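Participant: Sequence:
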Amino acid sequence: MAEKSHPETGLATQYLVIKAHIMPLTIDSTLGLLLSTIFHPIWCWFTALVIVHALPVSAAYLVPVCVLITLGYTLFHANYKYKTRGVWLKIDPKSDKVVITGGSRGLGMAIVRALCTAYPSLPIMILDVVEPLVSNECSNVSFRRTDLSKLDSLLGVLQELDAGFGDATIVINNAGIRHDEPFVDLSDEQVMKIYNVNTFAPMRIIKHYVGKATKPDSIKHPNRLYVATVSSILGTLGPANLSVYSATKASLIQLHESISHELSPQFRDSVRFLVMTPGQLNTAMFLDISPPNGFLAPIVDSSEIATLLVTAIEHGERGNLCVPLYSNFLPGVKCLPFAVQEACRWFSAMDEKVKPA
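So in this note's numbering, spot 61 of the sequence shown is number 185, and the numbers just go up one at a time.
Okay, derived cross-link-like pairs now, BS3-like style, lysine-lysine, Cα gap no bigger than 25 Å in a straight line: (1) Lys214 <-> Lys339; (2) Lys339 <-> Lys221; (3) Lys336 <-> Lys214; (4) Lys331 <-> Lys317; (5) Lys336 <-> Lys221; (6) Lys317 <-> Lys477; (7) Lys221 <-> Lys207; (8) Lys207 <-> Lys336; (9) Lys221 <-> Lys331; (10) Lys274 <-> Lys336; (11) Lys331 <-> Lys207; (12) Lys479 <-> Lys458; (13) Lys317 <-> Lys274; (14) Lys274 <-> Lys331; (15) Lys331 <-> Lys214; (16) Lys479 <-> Lys317; (17) Lys218 <-> Lys339; (18) Lys477 <-> Lys458; (19) Lys218 <-> Lys336.
Computed spacing ranges between beta-carbons, pair by pair: (20) Lys336 <-> Glu255: 26 to 34 Å; (21) Thr154 <-> Leu310: 35 to 43 Å; (22) Lys274 <-> Met409: 18 to 26 Å; (23) Lys218 <-> Ala473: 45 to 53 Å.
I should point out that these hints are in silico values taken from the structure, not numbers from a laboratory. Given the structure is predicted, the values throughout are model-derived calculations rather than measurements. Note that the Cβ used here is the ideal one computed from N, Cα and C, for glycine as well.
My request is simple: use the sequences and hints to build the entire structure.
Facilitator: Rendered as structure tokens:
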């Protein structure tokens, strides 16, 4: 079985350490550098011992700092161990199959390339409306032209894949479309198309594959299934002129949160869910929008998050994958007083970035 090994560290830490070696300077790269040096418990305690030994500094000032850093490090990695708990086999090209929507361009293409690089013989099926750019690079990639806005035909496509391609064990809902009109200017047809592609199609796909993996005759021999869905940090804090897009992404976050807790205990190890809530990516969808602060809110490289997703699948990580750093804290903004929320929106200029069409 061909496998690509990765250190068993949290994906957020991996991302920050990667950013520490890639400029320009951002809060992510800065924290990544600190986590691998003076904020690492080993270096922290070593530095404290050297300082106490060499300088007339009381250990009473340094020990609490080292204890807090060690506690934070321990809690972070304990959380990662909990997210990957249970028996999980790594990707096996002989038995695993991947179905990915929107894999022809942008983040989807980066995910396909990352999977092809790690597992050249892993069967991958792309569902998209355009031909994939990677079809000539990866001999294991297949393509099925599929318009996810046409829900009536989607079930037939999935049944066709079951018969021809085989049962998918890794399902990645990546396809998405956006708008830049104010809510009142959107037609009902536009709203339904955005919801069909961004929300209802992923719902139907998840229901199809989870239903197959959790059917009654699978209790004694559970079918392995990993479902990853690309949402957005805009699903937690919606800017002006992206009302429907933000609503569809919020739906995906809540869908994953609910369905992952609906599974009976027999399937909680064999069927796993991950929802990705990235910030702005360096893909065509938001190429017309410049981040308000490149240090605090850096643009995410799609190849980096694709690599993190492959690692998450290999380790069977559950829950959320949030990058860059600020995306881990945005949900907490909703708990702040309204005036503080408005101040945060003003500071980020988020409501001024998407110009109405």
